[in-house]
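K.L.:
Listed below, chain by chain, are the residues.
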Amino acid sequence: MKHLIDIKSLDKSEIAQIVSLARTFKLKKRQPSVGGSTACLMFFENSTRTKISFDLAAQKLGMNVIHFDGGTSSLSKGETLKDTLENLAAIGVDNLIVRTTEDDFIQRCMSEIKVPLSYVNAGSGTTAHPTQALLDFLTMLEKLATVKGKKICIVGDIAHSRVARSNIELLTRYQANVHVVAPEYFMPEDKRDDVTYHTNLADGIKDASVVMALRIQKERFDNLEGYDINDYIRHYRLHSKLIAEYCQYALIMHPGPVNRDVEITSELLDSKKGQTILEQAQNGTYVRMAVLEMLNAKGAN
Amino acid sequence: MKHLIDIKSLDKSEIAQIVSLARTFKLKKRQPSVGGSTACLMFFENSTRTKISFDLAAQKLGMNVIHFDGGTSSLSKGETLKDTLENLAAIGVDNLIVRTTEDDFIQRCMSEIKVPLSYVNAGSGTTAHPTQALLDFLTMLEKLATVKGKKICIVGDIAHSRVARSNIELLTRYQANVHVVAPEYFMPEDKRDDVTYHTNLADGIKDASVVMALRIQKERFDNLEGYDINDYIRHYRLHSKLIAEYCQYALIMHPGPVNRDVEITSELLDSKKGQTILEQAQNGTYVRMAVLEMLNAKGAN
Amino acid sequence: MKHLIDIKSLDKSEIAQIVSLARTFKLKKRQPSVGGSTACLMFFENSTRTKISFDLAAQKLGMNVIHFDGGTSSLSKGETLKDTLENLAAIGVDNLIVRTTEDDFIQRCMSEIKVPLSYVNAGSGTTAHPTQALLDFLTMLEKLATVKGKKICIVGDIAHSRVARSNIELLTRYQANVHVVAPEYFMPEDKRDDVTYHTNLADGIKDASVVMALRIQKERFDNLEGYDINDYIRHYRLHSKLIAEYCQYALIMHPGPVNRDVEITSELLDSKKGQTILEQAQNGTYVRMAVLEMLNAKGAN
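Protein chains in written order, with the numbering used here: chain V, 1 to 301; chain D, 1 to 301; chain P, 1 to 301.
Hints are computed from structural coordinates only; laboratory data are not their basis.
Watch out, some of these pointers could steer you wrong.
Because identical chains share one entry, a pair is satisfied inside a single copy or across any pair of copies.
[As the list claims (entries may be wrong)] Simulated pairs of lysine-lysine, DSS-like, Cα-Cα distance not exceeding 27 Å:
1) Lys28 x Lys77
2) Lys148 x Lys82
3) Lys114 x Lys241
4) Lys2 x Lys28
5) Lys77 x Lys143
6) Lys29 x Lys206
7) Lys241 x Lys26
8) Lys148 x Lys12
9) Lys60 x Lys114
10) Lys272 x Lys26
11) Lys272 x Lys114
12) Lys77 x Lys26
13) Lys26 x Lys2
14) Lys273 x Lys191
15) Lys12 x Lys206
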């Protein structure tokens, strides 16, 4: 593995290795072996859990961690992206962990420039967030053993969600039965044939093994025709009674941070069922350790 | 030891262990043993020495260090405190080192939430700054062998001083003879029976073994009736002649940063007597190493 | 070696040791031995490559790294420089790595204060940037074996360039034949007898072994009489045809970040000849490792 750009570009043996390695770290069965490599965190969007999770994952592996501050950097002083990246690589950065509002930032980097940097996508625009999909996958495997044939229902702001896109990409590859529930104003334009779309919540979650709510990404839209938060809450908010009625055994997941009482009620979040969301956060550190370990394994670069 | 919230909640065996462990680290007699644990620095107030001191203490112990930036974090985007803390714990944070303007921030955290985080109070509002009191205690012990029966006089802005509160709490427990000197406008409302209060400086410092000046906390008051900096300087500023006259053997201490020529004259600060203030700063790193070592010792969590 | 302030204060055996140690690290022939020392990065000017390079160099040596944030520090709250430095040393900082707009900041520190801090100049005003000169020297040695008797031509904004000053200082000591090319508005006031000055680019670069272009330091001047960027480009920009005509074997160097198509054309930068500039960046990390290793060697402090 040389980069982690999106789910599409991973093959199944790589996904299996990530999951297996993350489990091994989680069970403290293996010491990391990539000490001495250097990760640079280049975050152009605010982030708490993803950034801290990558930072900690790298430190736990014994890696050096550099924080690239977009605001005061040479990039902001007009240096070209190409020159900045080539210099980071020359100075000694091995992995560039990038979060951007731009959909194709990493692709742009890679097409322009030939440098021995491994890129890790920590969330790009509305298109991809592969480590989130991988940690969600690990969480499902721990609880369900397999996703094959399971009904997995993703609910909410699909249109703006890179989490949804990466999860759909990954879950359909493993033959999950993926359903999406969204009001028209959150319905994605790029509908897929292997996913079932619903505007009615009950239809979507009925008999689901997993119900994954998404954060409403207010920062990604201004005026969205038809959007009304109270309407959303009335028709799409998850709550315990609803889950008990339609899919009592379902895992309740959310990539966080949750808008409490918007996407999920506090009573459901704070119930036993809500705890899976924290297991997702926990698995995030192990999945990122696995990804960084694989990117820096001898021979990978 | 599971948390360090304030002096009150420490028992004497814990204080003795902190002091002894700090001395051991200072004398390089012991290698730290908590490598691999993770400290998260969550500072909502500016800080130089305390923050750097904790950061360095954690690094010297081989811990991973995460900086939580309040301004760009999920907290500032409206995530609840409960959710932020639960996620930090899930991601892998072991110790949350917190500085706040709020008096009861950590208590609020602990009452709402059950997460396996160890909290360390790095200064809370005007109420507590326990590691400062512990490093002051270590400094006094190194110089005086014991504080029992010694006259220790704290001078200045007591009303706004968490340093004074934590020191008084600790020193009275060890039977020091604690005196306080302050003008009326800096006198605390919560006077204690086991402390003697003076408005006259000479009365307070006469025959003292320790004279501890405090920083005037201008950032904590706007209009304080009766406050006049020139009046303060005239009646309360420490200088060498005064010390020579009333308590020539006294240790001169200050938690820093000093407002030079306000709380203490430059000639006193720059004299040999002023050097104890730097020994306080030095002891700070060792005391914080001791606290973090104890919080992360096997079995503590 | 106790500090690195400028090239002038280094003797040749120290320079030789820096170069040799940097080469050893680069060839992975030696493990660093100064783990446990603490570097504090105190940058009052923006910086990407120098700051990241020092940060990474320190981490690669196993040092602890502290970031001193000028903006929110006790210095900005009115603490004196003396008190800040004495406290940093007391807390445990060994090396203070400083970048300032002020020419004599470190000299001021050292004259006022006696603390066991090792200072490293990471760029001071327009006067000195010794690690840049050292990494440039290493790069030249790797390519040319020696600089003795070689024509080395520095082109551009000499007046505002600490890089030029440190390079001239170092290269003349090693009997390089140093030439400078600049328009009148960029010509330095402190001309030296051992350097040849030109206003005509072709005269300066003819038969040069090295042509080093400098960044135009727009942030250091407002109204500079006679300065016109188009005039500069017309007469002083380096491009491949010019190099081919006057000094076809010359190394092309630049301290970065490059103002593309101002100091050097993109076609030259992106050609094979432009790659030396990245080798400079790469050597920067190794030179800084060497400097930090020497400053922290047992007995150095």
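K.L.:
Output the indices of the hints that this structure fails to meet, ascending.
P.N.:
Violated hints: 1, 2, 5, 6, 7, 12, 14 and 15; rest satisfied.
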